[in-house]
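Chains F and B supply the protein sequences, listed in that same order. Numbering-wise (our numbering), the first sequence opens with residue -18 and increments by one. Numbering-wise (our numbering), the second sequence opens with residue -18 and increments by one.
Some hints here could point you the wrong way.
The list treats identical chains as interchangeable, and a pair is accepted whether it falls inside one copy or across any two copies.
[Claimed, not checked] List time: in silico EDC-like cross-link candidates among lysine to aspartate or glutamate, alpha-carbon distance up to 16 Å:
1) K168 with E198
2) K94 with E74
3) K254 with E0
4) K75 with E13
5) K115 with E252
6) K168 with D129
7) K235 with E252
8) K178 with E165
9) K178 with D166
10) K76 with E39
The hints are simulated quantities; they were obtained by calculation from the structure and are not laboratory data.
Number of protein chains: 2
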Amino acid sequence: MRIGVDAMGGDFAPGVVIEGLAQALVDFPSIEVVLAGHKERVEFYLEKYGLTGHKRIELVHAPSVCEMSEQSAISLRAKRDSSITVLARLLKEKKIDAMATPGHTGATVAATKVLVRTLPGIDRPALAASMPSKTGRFLLMDAGANTDCTALNLVQFALMGNVYAQYLYRKEAPRVGLLSVGGEDIKGNELTKEAFKRLEQLPINFIGNVEADAAFEGEADVVVSDGFSGNVMLKSAEGLARSTIFWLKQVLTKNALRVMGAVLAKNAFTELKAFGSSDVIGGAPLLGINGICIIGHGGSNPIAVRNAIRVSAECVEFGLNQRIVNAVETAGDVAKLLKYPPENAPAAQ
Amino acid sequence: MRIGVDAMGGDFAPGVVIEGLAQALVDFPSIEVVLAGHKERVEFYLEKYGLTGHKRIELVHAPSVCEMSEQSAISLRAKRDSSITVLARLLKEKKIDAMATPGHTGATVAATKVLVRTLPGIDRPALAASMPSKTGRFLLMDAGANTDCTALNLVQFALMGNVYAQYLYRKEAPRVGLLSVGGEDIKGNELTKEAFKRLEQLPINFIGNVEADAAFEGEADVVVSDGFSGNVMLKSAEGLARSTIFWLKQVLTKNALRVMGAVLAKNAFTELKAFGSSDVIGGAPLLGINGICIIGHGGSNPIAVRNAIRVSAECVEFGLNQRIVNAVETAGDVAKLLKYPPENAPAAQ
Chain F
-18 MRIGVDAMGG DFAPGVVIEG LAQALVDFPS IEVVLAGHKE RVEFYLEKYG
32 LTGHKRIELV HAPSVCEMSE QSAISLRAKR DSSITVLARL LKEKKIDAMA
82 TPGHTGATVA ATKVLVRTLP GIDRPALAAS MPSKTGRFLL MDAGANTDCT
132 ALNLVQFALM GNVYAQYLYR KEAPRVGLLS VGGEDIKGNE LTKEAFKRLE
182 QLPINFIGNV EADAAFEGEA DVVVSDGFSG NVMLKSAEGL ARSTIFWLKQ
232 VLTKNALRVM GAVLAKNAFT ELKAFGSSDV IGGAPLLGIN GICIIGHGGS
282 NPIAVRNAIR VSAECVEFGL NQRIVNAVET AGDVAKLLKY PPENAPAAQ
Chain B
-18 MRIGVDAMGG DFAPGVVIEG LAQALVDFPS IEVVLAGHKE RVEFYLEKYG
32 LTGHKRIELV HAPSVCEMSE QSAISLRAKR DSSITVLARL LKEKKIDAMA
82 TPGHTGATVA ATKVLVRTLP GIDRPALAAS MPSKTGRFLL MDAGANTDCT
132 ALNLVQFALM GNVYAQYLYR KEAPRVGLLS VGGEDIKGNE LTKEAFKRLE
182 QLPINFIGNV EADAAFEGEA DVVVSDGFSG NVMLKSAEGL ARSTIFWLKQ
232 VLTKNALRVM GAVLAKNAFT ELKAFGSSDV IGGAPLLGIN GICIIGHGGS
282 NPIAVRNAIR VSAECVEFGL NQRIVNAVET AGDVAKLLKY PPENAPAAQ
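Work the whole structure out from these sequences, hints included.
Below, the structure written as structure tokens:
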């Protein structure tokens, strides 16, 4: 199995990526790695971590880098030889089975959409973020790949999320909910009301509307959403987590007694932070493209990189994409009902 | 000044409402109160809190109650004599200057929209929720009154939010941001891109797109959003706050050392909870209706009720609605440019 790894992705590239890769090569002996990045910079770190000339690493030179501040479309057009574009091309040509990047989400979505294209039956790929809930985790999708969605897009997200949750959470029939503004069936906006009618017909465990707070309480395993609202939810969680840690520090350092208490309970706060961490997951897959692509957080540490590589390999073993294609086919007649008629479709015979 | 108070609103009505009212009557000697609720049940609590026959309370019998679980439209049609409908009618007839309810948001929005109608120049009222940020608070609007919005709605929300933030946060030129999925101007969905062009032209301190995490970091005083995404943000914050408290308890009770630490730092956790509390604010105004209406949390305690009454009175004194009407007029020529042309408008001469 060949996994493409973006050596230049993330805030601490390439050092952090190579360190995570070193661990992955030890832990997962069956994988081979195609490492895309700036040759000289990568080689420096390969030597540092004792990986120079490693027989399971093939280094592909990708001289330019998608800076985190750059716009996705520009990166794609201007940087045909960036590590992300190089990997997307290898994925398209089936020279790698999967790619992992702790990098620029927008650039990766753009590159894979254009170069790798989507699976049969899928119109738009979606970013599936695993979020912490009170009782475990849930899959939020789309977490930001598509700002404007149709009801049919949401239906496809539900089918894909269902398959991925089967793998990620080891659940046979994940509870799939639709992100909305009220728990009752009739609540929502035009988009969710339209999607609701279609989701009800799918051969999945659809549990109806789920409000954002209920999702964080653990009421669903998959939360289906357009990419705008999904991204608002994702970023709200990130922002509020940072604020909470800031407030905690503030209130715990107000006097000597509290500081003493905080010192005694120190490990508890380390554990608290771990609830929100996605290091174990490694990253969010971009589901629906014709290849496996795991996108890690820009701030990924070596453990997250190692796990992004693990998840990439596991998705290949799981046959994720074939299962998605099957799911869309199984939804078969339902899916046909779901398809919006083309604008000038002839009347049914 | 006459403030209408919904005695039957919220999870702990009417006891909690009457207790809060008792405090408000002491603290704000210039207000008179029209109390709407089930006569016998309310009188029991009036006696309990020594308010029987109070000369600044007029009790209006409203026999039926909008249960929290009921649907808004049904409540409005079926319950013409609910406390919310009674107050909305009094507000429409200018028999009260403002109303405060710790109750059913949906029913209140429906009743005031239908009975009280909107201010001149405002198409849709919006719920303005004050949210905690790292450095203070920000106004999120619309927090859930309108699930589908036009760009023009968002423009009006921005004008109204700007005025309300001037009162609530005592800022002359509040920083008004547009909730989006990227900080750059061009990021967003069709709705926000359209709204962005219009917001830029307004005579307000428009700071461009704001991501949800940046909002929680305190980058804006007003965050303009459609009611669906706004509600997702509000509920995400509520849900994540509850999860965080749950996790904190879990990690702090794992062993004796941590428990001891938690006991020493006990007051810190009480203060932490206070960051998220809206008791000081009392509730969220429904901005844009032709009258002042403050909607408190269903779980309001007496302090929140007292403050909802205070905020109602302060909004009247501030001349909130006249200022909103002026703001829309001042935006004058801009606002005309902003109006969508009617579908069959004749071509410009």
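Check your understanding: Can you name, in rising order, the numbers of the hints this structure does not satisfy?
Key -> 1, 3
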